[in-house]
Amino acid sequence: MNKTTRSSSQNYLITGFLTILPIFLTVYIIYLISNFLSRLSSPLLEPILRPHLAVTYSDFLIFISGILMTIIIIWTIGLVVTNFFGKKIFLMFDRLFERIPFFKNIYISIRRLIEHLTMTKMAFRKVVLLEYPRKGIYSIGFITSETMEQIQQVTPEHLINIFVPTTPNPTSGVLVMVPREEVIYLKMTTDEAFFFIMSGGIVTPGSEIGGAREIHGP
Numbered sequence: 001m002n003k004t005t006r007s008s009s010q011n012y013l014i015t016g017f018l019t020i021l022p023i024f025l026t027v028y029i030i031y032l033i034s035n036f037l038s039r040l041s042s043p044l045l046e047p048i049l050r051p052h053l054a055v056t057y058s059d060f061l062i063f064i065s066g067i068l069m070t071i072i073i074i075w076t077i078g079l080v081v082t083n084f085f086g087k088k089i090f091l092m093f094d095r096l097f098e099r100i101p102f103f104k105n106i107y108i109s110i111r112r113l114i115e116h117l118t119m120t121k122m123a124f125r126k127v128v129l130l131e132y133p134r135k136g137i138y139s140i141g142f143i144t145s146e147t148m149e150q151i152q153q154v155t156p157e158h159l160i161n162i163f164v165p166t167t168p169n170p171t172s173g174v175l176v177m178v179p180r181e182e183v184i185y186l187k188m189t190t191d192e193a194f195f196f197i198m199s200g201g202i203v204t205p206g207s208e209i210g211g212a213r214e215i216h217g218p
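Numbering (the working numbering), first residue to last: 1 to 218.
The set of hints was computed from the structure by calculation and includes no laboratory data.
Keep in mind it's a predicted model, so treat the numbers as computed, not measured.
There could be a bad hint or two in this list.
What the hints assert, rightly or not - Lysine-lysine pairs mimicking DSBU-like chemistry, simulated, CA-CA at most 35 Å apart: (1) 88 <-> 104; (2) 88 <-> 126; (3) 187 <-> 126; (4) 187 <-> 135.
Please model the complete structure; the sequences and the hints are all you need to start from.
Structure below.
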């Protein structure tokens, strides 16, 4: 196996891992919670189901009830933390977890990663296509803001700030300032662009990509 093939294989492995990791973690956490709730509810549901159903079917229904309870609990937590008192309660638990030895390091690391990814995606306004790093080669980028006035005054074109992410980690990249008329706006959501970049182009968005240049912006 030559160096190029080995490097490509490693990139495919990393890209595949990063693509399935969020899905795997979500499914695994839901499974753990559902299994725990199923065991809690089993003493209550077994006397009701066992006389009417076989053991296999009753156990299956008990596990399904655990999944339903998990969904309801997650929905309820989302509802609670969006109001004032819920935020206060969440903040209290947040501070409590930060004081638990060993666990606090894991908790803080996961929280910061989620906050970083969330804030990064919120800062990106539009998904665009631009010729970078040279003419004839196109890269996907995210419009972050208008270029600062100090730079606008010394350039003939109206510039916009575009963040060009790297693969497979879209949270790192380069900032480029590009004339607005040289940007192609895409009909792609931020999430679709993130998955497309993380997968190295393997996971393609379902929405149609706009191919026409828009001179005056979206």
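These are the hints, each one checked on the structure:
no. : hint        : in the structure
1   : 88 <-> 104  : 19 Å, holds
2   : 88 <-> 126  : 33 Å, holds
3   : 187 <-> 126 : 9 Å, holds
4   : 187 <-> 135 : 22 Å, holds
Against the hints set out earlier in the document, no violation occurs for any number.
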